[in-house]
Amino acid sequence: MPRRSTNPCILSLSGFATTAFVLYCTVSTIFSPPAVVDVPSSHPVFVSSSQYFPDQLDRDAPGATFYDDASVSYAFDRPLTDWDAKRREWLRLHPNFGGNGRERVVMVTGSQPGPCRNREGDHLLLRFFKNKVDYCRRHGIDLFYNTALLHPAMRSQWAKLPAIRAAMLAHPEAEWVWWVDSDAVFTDMDFQLPLDRYRDHNLVVHGWPHLVYDARSWVSLNSGVFLIRNCQWSLDFMKVWAVMSPLSPDYDRWGQVLAEELKDKLFNVSDDQSALVYLLLEHRDQWGDKVFLESDYDLEAYWVAIVDRLENMTAKYAEVERRVDGLRRRHAEVVSGAYGQLREEQLARQEGAVSGPNGWHRPFMTHFTGCQPCNGAHNKMYTWKSCWEGMQRALHFADDQVLRDYGFRHADLLSGDVQPLPFA
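Sequential numbering of the sequence shown, starting at 149, is according to our numbering.
Do not rely on the hints blindly, as some may be mistaken.
Below are the DMTMM-like pairs computed for lysine to aspartate or glutamate, each with C-alpha atoms no more than 25 Å apart in a straight line [claimed, not checked]:
| id | residue 1 | residue 2 |
| --- | --- | --- |
| 1 | Lys234 | Glu321 |
| 2 | Lys387 | Glu537 |
| 3 | Lys278 | Glu499 |
| 4 | Lys438 | Asp270 |
| 5 | Lys464 | Glu499 |
| 6 | Lys278 | Glu268 |
| 7 | Lys464 | Asp553 |
| 8 | Lys280 | Glu430 |
| 9 | Lys387 | Asp560 |
| 10 | Lys278 | Asp456 |
| 11 | Lys438 | Glu251 |
| 12 | Lys387 | Glu492 |
| 13 | Lys528 | Asp270 |
| 14 | Lys387 | Glu430 |
| 15 | Lys411 | Asp433 |
| 16 | Lys387 | Asp565 |
| 17 | Lys438 | Glu268 |
| 18 | Lys411 | Asp398 |
| 19 | Lys438 | Asp400 |
| 20 | Lys387 | Asp553 |
| 21 | Lys387 | Asp400 |
| 22 | Lys438 | Asp344 |
| 23 | Lys533 | Asp456 |
| 24 | Lys387 | Glu321 |
| 25 | Lys528 | Glu268 |
| 26 | Lys280 | Asp565 |
| 27 | Lys464 | Asp398 |
| 28 | Lys387 | Asp398 |
| 29 | Lys438 | Asp456 |
| 30 | Lys280 | Glu499 |
| 31 | Lys533 | Glu268 |
| 32 | Lys464 | Glu430 |
| 33 | Lys387 | Asp217 |
| 34 | Lys278 | Glu537 |
| 35 | Lys533 | Asp548 |
| 36 | Lys464 | Asp344 |
If you're looking for bench data, these hints aren't it; they were derived computationally from the structure.
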């Protein structure tokens, strides 16, 4: 895990104030209504993930499961109880899905049902989608990209909750559901989630405890990217979270409450991020112990602080690779994880190879908060040109890490043209 520069349901198996207006748009591009391996030497080794995916994996068991229970509904507003036992029984009947000690993850993301209003929006969403496909392929993660509105009342940023709940039922083999906003880019394709770090928690969100509990800030965390465990606790938590959603007859009143309680909130609309902060503030004793506020790495990083530094990061990484025998060796994509591990071991010894504004470690994810690539209604703090160029830089930066295994790289981070990589 990169260093930073500034300082009950488990199965067996800084400047935040200046960006408050921006962060309101964190997830509004989603569903807006239309209008480990040891590396003893410098030559990496690899353990195939095929051990987790035997030939018989697609065979269903003959025994009855929760899928045969007519009372079990995928609908978000229908109660679901005893989910841990239901999952446990399904896994008992499908032992091949146990993960062999590896916790399975399913990523959930998506976009609105209709075409983008922005002329370039659909193209950008496709490229954001490709970026997620690339990351998931390299790390053995299943991906569900949703373009359907799964509950008519749960629009805009709230649409994620019905999609997450449906994914939990569709993927009982997955221990974690990973929500990622459509406008978030993986900019470190080698980074692996430190799931062992979260073994005692059920929700992992990028955030800072002192900003949540002391400053009571609505930008103290970011709900655009988070991990949530596939368990009954999570279903119960989302149900309480949604009390402040458009499902509630008191939705308008909740907007007023959140604006009063979170002093830096600029709008009296009940969005999912403000509601999450308020839920942790008001019910910390009930929920807080199972929520991990992650700030040790860039689970999602604000794009403005990242995009102008990407070329320097590329140069720094190249310097490290020139000094380490084996890192520049050509290899198959399927073994890229071992090379990534070796690279991280070398970066840990380098001065300045840390996350954050003062370092040059690749950010795990770069989030284009406020750019609104689909509808084009970007925050007036930026120009569309700055958003467009920032997205090009981040997407090409990530794509170069993928294309490397195919023998190519972009001519520069603002160009779609590629050129062959030299042999050495």
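Worksheet item: Within 25 Å, alpha carbon to alpha carbon, are Lys438 and Asp400?
Response: Given pair Lys438, Asp400 is violated - Cα atoms ~29 Å apart, limit 25 Å.
Worksheet item: Is the straight-line distance between the alpha-carbon of Lys387 and that of Asp400 25 Å or less?
Response: The hint holds at about 18 Å.
Discussion item. For a C-alpha distance cap of 25 Å, please report whether Lys280 and Glu499 respect it.
Written reply: 30 Å, violated
Fill in: Pair hint Lys528 and Glu268, alpha-carbon separation not exceeding 25 Å
Cα-Cα ~18 Å, so holds.
Discussion item. Run the distance test for Lys387 versus Asp217: straight-line Cα separation, threshold 25 Å.
Written reply: 21 Å, holds
Worksheet item: Going straight from one Cα to the other, do Lys278 and Glu268 come out at no more than 25 Å?
Response: With a Cα-Cα distance of about 16 Å, the restraint between Lys278 and Glu268 holds, given a limit of 25 Å.
Worksheet item: Given the hint that Lys278 pairs with Asp456, does the C-alpha gap stay at or below 25 Å?
Response: Measuring from Cα to Cα gives roughly 22 Å; hence the hint holds.
Item to complete: For the pair supplied as a hint, Lys533 and Asp548, confirm whether the alpha-carbon distance does not exceed 25 Å.
Response: 22 Å, holds
Practice prompt. Starting from Lys387, check that the Cα of Glu430 is at most 25 Å away, please.
Written response: 16 Å, holds
Fill in: Satisfaction of hint between Asp398 and Lys387, Cα-Cα up to 25 Å
15 Å, holds
Discussion item. So if I understand the rule, the pair passes when the alpha-carbon distance is 25 Å or less; does Lys438 with Glu268 pass?
Written reply: 40 Å, violated
Fill in: Restraint status (C-alpha distance of Lys280 to Glu430 at most 25 Å)
35 Å, violated
In summary, the structure is inconsistent with hints 2, 3, 4, 8, 9, 12, 16, 17, 19, 20, 27, 29, 30, 32, 36 from the numbered list given earlier, while agreeing with the others.
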